[in-house]
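Chains as they are written, first to last, in the working numbering: chain A, 43 to 452; chain B, 43 to 452; chain C, 43 to 452; chain D, 43 to 452.
Careful: at least some of the hints might be erroneous.
In this list, chains with the same sequence are indistinguishable; a pair is considered to hold if it fits within one copy or across any two.
[Said to hold, decoys possible] Subject to a maximum C-alpha distance of 25 Å in a straight line, what follows is the list of computed PhoX-like cross-link-like pairs (lysine-lysine):
no. : residue 1 : residue 2
1   : Lys298    : Lys390
2   : Lys44     : Lys425
3   : Lys411    : Lys388
Simulated from the structure, these hints should not be mistaken for lab results.
4 protein chains.
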Amino acid sequence: MKKPSKVVLAYSGGLDTSIILKWLQTEYGCEVVTFTADLGQGEELEPARQKALMLGIREENIHILDLREEFVKDFVFPMFRANAVYEGLYLLGTSIARPLIAKHLAQIAHQTGADAVAHGATGKGNDQVRFELGVAALEPGLQVIAPWREWDLTSRTRLLEFAEQNQIPVAKNKRGEAPFSVDANLLHTSSEGRVLEDPAVEAPDYVCERITAVEDAPDTPEFIEVTFEKGDAVAIDGEALSPATILTRLNELGAKHGIGILDFVENRFVGMKSRGVYETPGGTILLEAHRGIEQITLDSGAGHLKDSIMPRYAELIYNGFWFSPEREALQALIDKTQEHVSGTVKLKLYKGMARTVARWSDHSLYSEKHVTFEEDAGAYDQKDAAGFIRLNALRLRLIATRNARVAKKG
Amino acid sequence: MKKPSKVVLAYSGGLDTSIILKWLQTEYGCEVVTFTADLGQGEELEPARQKALMLGIREENIHILDLREEFVKDFVFPMFRANAVYEGLYLLGTSIARPLIAKHLAQIAHQTGADAVAHGATGKGNDQVRFELGVAALEPGLQVIAPWREWDLTSRTRLLEFAEQNQIPVAKNKRGEAPFSVDANLLHTSSEGRVLEDPAVEAPDYVCERITAVEDAPDTPEFIEVTFEKGDAVAIDGEALSPATILTRLNELGAKHGIGILDFVENRFVGMKSRGVYETPGGTILLEAHRGIEQITLDSGAGHLKDSIMPRYAELIYNGFWFSPEREALQALIDKTQEHVSGTVKLKLYKGMARTVARWSDHSLYSEKHVTFEEDAGAYDQKDAAGFIRLNALRLRLIATRNARVAKKG
Amino acid sequence: MKKPSKVVLAYSGGLDTSIILKWLQTEYGCEVVTFTADLGQGEELEPARQKALMLGIREENIHILDLREEFVKDFVFPMFRANAVYEGLYLLGTSIARPLIAKHLAQIAHQTGADAVAHGATGKGNDQVRFELGVAALEPGLQVIAPWREWDLTSRTRLLEFAEQNQIPVAKNKRGEAPFSVDANLLHTSSEGRVLEDPAVEAPDYVCERITAVEDAPDTPEFIEVTFEKGDAVAIDGEALSPATILTRLNELGAKHGIGILDFVENRFVGMKSRGVYETPGGTILLEAHRGIEQITLDSGAGHLKDSIMPRYAELIYNGFWFSPEREALQALIDKTQEHVSGTVKLKLYKGMARTVARWSDHSLYSEKHVTFEEDAGAYDQKDAAGFIRLNALRLRLIATRNARVAKKG
Amino acid sequence: MKKPSKVVLAYSGGLDTSIILKWLQTEYGCEVVTFTADLGQGEELEPARQKALMLGIREENIHILDLREEFVKDFVFPMFRANAVYEGLYLLGTSIARPLIAKHLAQIAHQTGADAVAHGATGKGNDQVRFELGVAALEPGLQVIAPWREWDLTSRTRLLEFAEQNQIPVAKNKRGEAPFSVDANLLHTSSEGRVLEDPAVEAPDYVCERITAVEDAPDTPEFIEVTFEKGDAVAIDGEALSPATILTRLNELGAKHGIGILDFVENRFVGMKSRGVYETPGGTILLEAHRGIEQITLDSGAGHLKDSIMPRYAELIYNGFWFSPEREALQALIDKTQEHVSGTVKLKLYKGMARTVARWSDHSLYSEKHVTFEEDAGAYDQKDAAGFIRLNALRLRLIATRNARVAKKG
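For reference, chain A alone in the conformation it holds in the complex:
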């Protein structure tokens, strides 16, 4: 591969990506374009601009974008239509943000004529895969530079030395190792590494920064109503809201009530297990609410089909295949099932739990007339069940008869 001349860097403004920025300039001698996104991680972006300028990036090479609405509308919501959870429990909060970043890296590279992109993910994790598969799918000709897989700055000491040599300011509290590593966006905050590395040891309380400890959550339950249209949340307590606003609101509610903490050991795509603590306050409520509205609006045929393909869909997102033909084909299936997933769910929020307590919809398939224990005015003829069962039992009877016949002969 030839040396790239212009590189778009996914730049947070933090110490690590600032070092990468400088390292790209010195090691590759290339022009660096920075891309910094607001995904709802709760950090100011202006400091990133200042820092980039200070590190010699030209004004026109600094790209700062507020992607919160795009993130929720085009990534989070489609994923929640599937009730996607990875390995039974993980709501994919980091996984789903990566393809969005890859998309804008690729776009900015295209616009600026860059021939490479760079990111700050390590060689052991899933994020490198997600970034690079996304970029490959969108701009197949771009090179990808992953400094953590290349450089020799493999210890904290070496990193700080490099920073010092290159006049990169290091905040006092960044001099030592952080006790764990954090990723945050509008959907979740994840913590992993260091004090969390032994899965037999409980996570310290201070790991969860976003969600109130259950013990400290209010002693009174709160009830909310979430309204859906075609599988997406569109209103809370009757107030129509934009996608990002809805998730923000649910995050506040979830965080207040201690909802959405997960201590988890997962299987990374690169082959090893890792342990993380995930905080997904709004997402946890949203999943419960979406399941609640599907319960009355989704038919069993479509519902069971969705359930059966969900693990594969979640795995694709986890592994970084958002921009793949198979994820898109599964999305077409999922979206098709959501045409009538509209209505309202009432939830009780209390001490770490979000629980559906009622749901109603103009699109409901629930038929009180059919299910009632009372007289049903001929809606359902119980005698039909006899034939239904007898034909479902027929093959079982044939098997039992065969088995008895064979056993006797045996």
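Keeping the supplied structure of chain A fixed, place chains B, C and D upon it in accordance with the hints.
Then chains B, C and D, alone, in the frame of chain A:
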């Protein structure tokens, strides 16, 4: 079909099955054998014997069995190895008990030379299917009588008249309709019908009888350790216990902490939706614990495979196909994956939640050496990730190139 | 259910449905509307009109439709996009025609204000299910009358008596039983029953009427080219043709070369096994050609996904669930994968076989540059494979190490 | 990684692996152990021993094993129980042989105290993956050397120079490039590369060396009977035979009748498409026969389950994951379904086709009594079908009613 001469009745000793008992005697003129099982429903069985005698059943025709250990060991535990949930949330507490009852109905019929069995399930529900498929699979020649599909006692008034005419004692509190219908066993208590029939209306508090209301649960969390061997729980806090004892103990803990309540609208096999409230205190803890131990002992290949077939497995159990070749084949797959699912999980129980906080095992696949953010002494070469990603990306690059080529030609 | 006053009958003009027609008039005393469709079964439809008139049907109540193009375009082609085969081998030729008939029965009932439909399928087969599920999904309020499940004309003698009593002419060759039962349409001809009922006995040669015996097929192979657009065949040997014309042409070619005979024992939805002989000349060629074009235009991700859901899709069609949310959701998935399935396949037809021998496409994903044994000018770095394999192997190594550790302790 | 001191080489005795042998000695300076296996590829093995000796391998370091029975019994037969085909058509003839070789490489390494294994597969193909995943799963500590990914002998000229310099004899006909690359074993012969690289160009006739051209196959059909026990073929025409003997016999029959040629473009695990011609004479017959016996002995529940997991199972084998927990779990499922797959199939072999024409078994589930068009003496009550259909239709009716209601409101 010819008239049966001897019928084994699944007999609870309650009003409904007592009426059925008498109805079989009068309508079919046949000898009735009663079968009453202790599945942990928390009721005395001796009264059932007295009532059967009083209704003219001969001593030797009364079968009363304590099936709690068999229930947990041969039905509940195999199912929990699969992390089975129906439609995302329901732990199948009623579904899994029915094949066990069917098995003993068939066995007693075989032993006593009966030519039919009878049950008290209605023609609208799943239980009729589960009983009858089970019986068909085990004794294909047996007739099944389902009085609720046949008789004309379709109102409360008619039922009470029949009881009166036949000297069946009716307890005062049974004269009116119960506000909802209940099924209970060691795994769960379900409530459905009547006040629960409108899914838009919250369930009244008095529906949950088994589990403490979350608001009233202790304000202090409790920590327990559950130990597994080959996928089955074998000890709590280091004390080895029998299957039924373990589930009983977890039920006490769950009930105390308000754990395991589900308000749910589900799709019945017979084609309609119904709403129920399920209380599964011990099962909810057990599921969380089993997932916790699988996290460190189960490989991703086996784990993702299990996840992908779980919905079908759960559906088979829900629909009554426990004794079917396909459930048995899936069980073989699931059991094969559990060979190393041994170890201990520490859980926090608090205010409606059971959460894994730590797990350890001699069979652990977790490798701190590989995952660490620190120096890993060569366990993992980060450069391998570059090749891994490039080959995974290859087809995505080829697709993107093709799509661009086609678009250009357009 | 109340007696219907107007019934739309799926009427072939043959003896059986003529008897049904008369039986509906006499038994139900209702007005009968006839619906006769040309699905390519190779029979004149005018005689059906004459016979209906003769049996007292009013001119305006006789509906005769040529559905060949609709059949292929909206039913056969969508199904072939999935490479659907039931139980590994059956191309679903009967199954796919039934929902089309159900659709028009429902439409005509709607137009004519009929309150019921009737069909001539027996109570043992799949076709009754397919007709009735289709009608239920499209006009849920319609009654369905299935005379074979109701009447007492259960022997040949009784049927002929009824015909005689009602002045229904019986052709000489219809006086005795046919040696087997036949269904035909543009996609296939099926034969079952009577001489075919013992699966241990070979089917007599005279069963296959549509396809030349392989032994008599030409001794020289024939080569054809089939062109696809978005998964559907659009041209043969460069000549653009309508859907029904393409299938007709392929049928001629297949029949000539002895292609598409299947002797098969299948599992009916109603619970029993049955044996049939299927002739699907054009469909067999079409399936091979479609697979051939997918080989170069479909990515492995989308392709393997399609393969994995195909059996469920085929089962849905076989069982009669064409008009169901789950079939439609699967179709959305399948259609999404076909966007680039365009190009041309060259096939060799010879002595019962249709075999792809070459394929090319502007949408091809095949990259000779990558695959070549020769120098590839840097398209692919073989060293990448080392990292790819090492990371794929990592979990296997961790398992082997764990197993050895446990075994040693054991 | 440290340099290995002793390497076990998968050695065919051919030019390429002889060059590798010498290269290992010179490049790595290590002791080389050769492993040569008879998998039914139809070559003498003694010349390999002579050549190894000549290249300086010590007598005790030469391992030559006849693995034909193990190959068929422990690899081919288990795979055929699943009716495994990759991407709809490929019978996995190369894929299934690789794990067996990996197993013996690992075993010999273990026995001889070697610290590495080496193979002659290129860096572009699947075989490197299959070898190396197998070795990793069985002896996780072994290094793997893949010279084609490492060395600089990247052209024919360089290879021949190296051979000359190292006194490796080069047969005259090996001086030029072969027109295509071949792999053979008892199950199949594959050809790929060079003249086959353009999938739009028909394969030349001379590619197929193993199977008679269909045009030259006998003009008279031949009928055979294959008997199965628990899913495995055990006899031909009533004669009990060992696994390898059965496959050998079927190969002769298939080759004679022109059966089992496939021209195929497939998706390699490493991300590219490749085109191959496969000859699988006996395997093609075996697959047809196995499907034939399953048709009457396997229940639809188990059968459809098998069909639905087959593509994943085939993909695992293709990708090299034979020794993985997920393949083993799937095998447990598959084997469970085969307990009654015993009986005999009669096949017609003629001009490229193997077709089941009859099948019988003591384990048959086929019930002529149920399926018959004639009087069935009460085996089946056609009225049951009405209830069966009505309950299956219930949800479709509810959907249609809901959709109409919503559309009206709309």
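Hint check:
In the homo-oligomer, the alpha carbons of lysine 298 and lysine 390 lie at most 25 Å apart both inside one protomer (13 Å) and across protomers (20 Å), since each shortest distance falls under that limit. In this assembly of identical chains, the alpha carbons of lysine 44 and lysine 425 lie at most 25 Å apart only when taken from different copies (17 Å versus 76 Å within one copy). When the C-alpha separation of lysine 411 and lysine 388 is checked against a cutoff of 25 Å, the pair qualifies only within one copy, where the shortest distance is 23 Å, while the shortest distance between copies is 46 Å.
In the structure shown, no violation is registered for any of the earlier numbered hints.
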